Amino acid sequence: MKPFLYIVSMLMMLPYPVLARPVSYPSGTTLMQMNDMDTHSIHIHYSPTAKYSIGYKGEYWRDDKWQFHGLQLNKLIKRWNKPASQANFYIKSGVGSIQSDDNDNDVGIFTGVSLDWEDRRFFTYYENRLYEAGNVDRFFTQKARIGIAPYLGDYGDLHTWLMLQVDHSPKKDDPITVTPLVRLFKSEYLTEIGVSEDGDALVNFVVRF
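Counting from 562, one number per residue, gives the positions in the sequence shown under the numbering used here.
If you're looking for bench data, these hints aren't it; they were derived computationally from the structure. Small disclaimer: the values here were computed from a predicted structure and weren't measured. Be a bit skeptical, because a hint or two may be false.
To be verified - Dumping the calculated DMTMM-like pairs for lysine to aspartate or glutamate here, alpha-carbon to alpha-carbon at most 25 Å:
{"#": "1", "residue 1": "732", "residue 2": "693"}
{"#": "2", "residue 1": "639", "residue 2": "680"}
{"#": "3", "residue 1": "639", "residue 2": "761"}
{"#": "4", "residue 1": "733", "residue 2": "715"}
{"#": "5", "residue 1": "732", "residue 2": "667"}
{"#": "6", "residue 1": "747", "residue 2": "677"}
{"#": "7", "residue 1": "704", "residue 2": "680"}
All chains should be built: construct the whole structure from the sequences, respecting the hints.
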């Protein structure tokens with residue numbers, strides 16, 4: 562666990578994209594540092610084109626006490642651009658090494674899809690993941706969000722979204738978690754802060770270079 566937390570603490574010292582998209586503009590780099598009821602995670606990816614990105618993914622699963630370090634590939638399958646809205650469909654997959662706090666080691670792989678739709682007022686999102694962590698763990702998880710902007714800001718303003726996130730983890734004793742949260746973004750910087758119904762904090766930071 563210590564190497565992962567060292568990486569997290571170093572990256573949190575950096576300045577923390579408008580939207581936390583898994584693919585950026587061509588030659589763009591994105592840093593995402595996420596914390597929720599299950600994991601601490603870091604994802605740093607580079608987008609050679611507007612169709613895909615590749616980069617480092619690190620995660621620590623607190624309850625199950627194991628960490629993942631590897632490569633993640635994000636692929637934009639389809640984008641729907643409308644005059645006043647946009648929708649996206651991505652596939653996100655990764656492969657790397659798994660190490661438990663008991664020093665069990667194995668190869669881990671995951672894959673899943675994410676879909677989002679938004680206009681200036683409303684936001685919807687869905688994501689899932691199938692994880693195979695060898696003899697350490699295996700599971701399926703999914704989450705969905707809805708959001709609304711209480712005001713419509715101009716370019717360069719501080720933008721605010723009020724969101725509700727629902728997580729579904731079938732392997733848990735209590736598989737459904739509901740988390741109200743606030744998303745704030747301005748220019749290249751985004752932060753999300755929320756508290757689940759069980760009192761677990763959600764804190765996410767993103768910056769796009």
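Enumerated hints in conflict with the structure, sorted upward
Result: hints 3, 4 break, sorted rising.
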